[in-house]
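Given chain L, put chain C in place with the hints provided.
Keeping their order, the protein sequence lines are chains L and C.
For the first sequence, the numbering used here begins at 101 and goes up steadily by one.
For the second sequence, the numbering used here begins at 57 and goes up steadily by one.
FYI, nobody ran anything at the bench for these hints, they're computed from the structure.
All residues carry an ideal CB built from backbone N, CA and C; glycine is no exception.
Watch out, some of these pointers could steer you wrong.
According to the in silico footprint, chain L covers these stretches of chain C (three or more CB under 8 Å from chain L) [as the list claims (entries may be wrong)]: (1) 60-67; (2) 299-310; (3) 327-337.
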Amino acid sequence: MDLNLSPEEKQFRDELRVWLDANAPADWHEWREKPLEESFPYLRAWQRKLDEGRWAAVAWPKEYGGRSATLTQQAIFWEEMARAQAPPMANSLGLGLIGPTIIVHGTEAQKKRFVPKILSAEEIWCQGFSEPNAGSDLASLQTQARLEGDHYVVNGQKVWTSYGWVGDWCELVVRTDSSADKHKGLTVLLVDMKSPGVEVRPLRQMTGESEFNEIFFRDVRVPAENVLGPVNGGWDVAISTLMYERGSYGARLHLIFKRNIDRLIQLSHVFQKAGQPAVRDPLVRQKLAQCYAEIEIMRWNQLRAFSRISATGVPGPEGSIQKIFWSELNQRLQQVAQELLGPYGQLVAGDIRAVDNGFWPYGYLRSRGNTIEAGTSEVQRNIIGHFVLGLPRSY
Amino acid sequence: MEFGLTASQQLLKDNARKFFAGECPMDKVRHLMEADTAYDDTLWADMTDQGYTGIIFPEEFGGVGLGNVELILLMEEAGRALLPGPFFSTVVLAGAVIDCVASAALRQKYLTRICSGDARSTIAMLEANGSWDPVDVRIATLNGRLVGEKLFVPDAQVADFIVVVARDGIFVAEAKAPGIDIQLMKTLDLTRKLYTVRFNNTPVERLGNVTGLARALDVASTALAAEMVGGMQRTLDVTVEYAKMRKQFGKPIGMFQAVQHQCADMYLETESARSAVYYAAWALEENMPDAAVAVSIAKMYASDAARTVGNRGIQIHGGMGFTWESDLHLYYRRAKASETTFGDSTYHRERIARLVFDAGIASSQSA
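Excised from the complex, chain L in its bound form (with noise of 0.2 Å):
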């Protein structure tokens, strides 16, 4: 056990270091605040430059373009750019999720022809899994595909697809026998969203946002070379998507999580209780420093995924604890936000009065979906369960 970073990890920071002083946009803050439709062309620019100096995606293997960064290194990766104040970039789920699902299972012709664009942003890809009535059951889902010549009709409808509204691509997955068992008759594939019959809606959810589309297909018609992995074999495919979703996020939360922590300190001492500074205040003390503390250890958990991932290669079921312990822990967390603001806890976006500008209100209902988005905590708690304990399915 050594936390300490050895020197390879001394010499990949500096290195980034050094690159983002040089390259890191100083005008972010000017963008952070505005919606992603109008910031979006901002992203990806900066994909773009990040992409030019080998910094898109350093997870992914050298010779697709990554630089094959340990996990500690991926870590290190998203410390800096936090440290950096740089914007995220605009390809998140293609950079994060599709991208190593298609350098996994993809032809050397698919890897060719989709991997560069994920990288340079230069093609937008979102994910057509959840449907209205395959949710945390995915494997029932219902979008069809059904073979003609040498093409794929697909006639279905997906739901909470994130970047639906500026997605290039689709990675989808479809029910390619409907007489196999729900897991064996699944195919993944990549779907032009320019396609005919691709109509893509906004869906508007709790925050007034809309993050998330509503993908409809009608007769659209996918060239069989698009098809990802074997046929009929998609749900290992989407599983290993499913394991990235979980397994590479939760660097980035923490740091979120812990400027949230930190910030909410500060405004103890701005705000009152019973007349004094809230953070004098023993029951707020108690509250703040149990979130505090929690962040450290979701840190700490992390970790210690990574040293047991670094032996297997791939993230495994254990990424249900981080997805779990997060989630909770940021409603937790805004709740303790809104105690502490008191009647100022309301005030949203755009009221002269609002803290930070409406973010209190805004996380406090954004954090409700965390326990549902991503698998809810129950499939986490199944996989736990069945997985890494070995008790009976339960379903």
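Chain C in isolation, oriented as in the chain L frame:
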């Protein structure tokens, strides 16, 4: 950066698990807890042979010279076995305090006895006010002698010398010294006995200043939290096995999500406590700026998690879990006693608040 165990650390942990399983199985634990002292000569000698009594002490005193990380791995396995007797009080309490506060000559004098297995020891800290904060200690020496009473002193009956925290310093009293009176307190945890120790003009030797105590208490708190993690792991393992085997409504109860999800939470709580303990041990070893905060995070989280894991484990065992025959209540009792030892989660949250919000100590950074 590597948060996994090295090969030699893993070997030490595996060996400790085998050793305790062989030399201190549950029937032995139950036998020892019925005795006043929970102490066994043979077990102590075997532990000495393994080098456990000298694990963190320098080789010049007959120790093994390993670090905090190795200590907590051993403590984790001791906790898993619910090891009774004075190992914790001797090595982790008295030993760590002596190592942190005493001069080389005094360390030589006392640590040599501990490493060789010749002496058992403990620390007398708490007084009637029940406070874990050293500033609340009232007892003090006069002309090299102590008068007063200490409470909740672990394993005092089998101690050969007792380390005493006084207002004017840290002192050592030989157990056979005049004026010492030791009485068993009747407590919840049957496997770790607590005593009152009364000093009536007892001659003592000065070890050092109270200022050195903070680090020793941090070492001990982390080790205790590690022991709690071992107890949690055992409770989890036993419970998962039971949930696979026990059938109701024609199915293993572990198939029901109400049960399965509790097991998942036990796993999450155990693993998270382990992450916090391992980090704290490493941070102490490396003298990281956030070491004290990390220790409080570990003790805070483990204190709540050990209780919660115990609750879930007993609940899943149903009526069987509520019997005397089940081992779960022995772990549950230890968890409760450990929760309050060195301060419960409320105490440590306040300590985190003081260190972070008031003093502005930065949190951990990999850089």
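Outcome of the hint check:
With 4 residues carrying a beta carbon less than 8 Å from a beta carbon of chain L, the segment 60-67 of chain C meets the three-residue requirement, and the given coverage holds. For the segment 299-310 of chain C, the stated coverage by chain L is satisfied: 5 residues place a CB nearer than 8 Å to a CB of that chain, which reaches the threshold of 3. Check result for the segment 327-337 of chain C against chain L: holds, 7 residues qualifying (beta carbon to beta carbon below 8 Å, three or more required).
The structure shown violates none of the earlier numbered hints.
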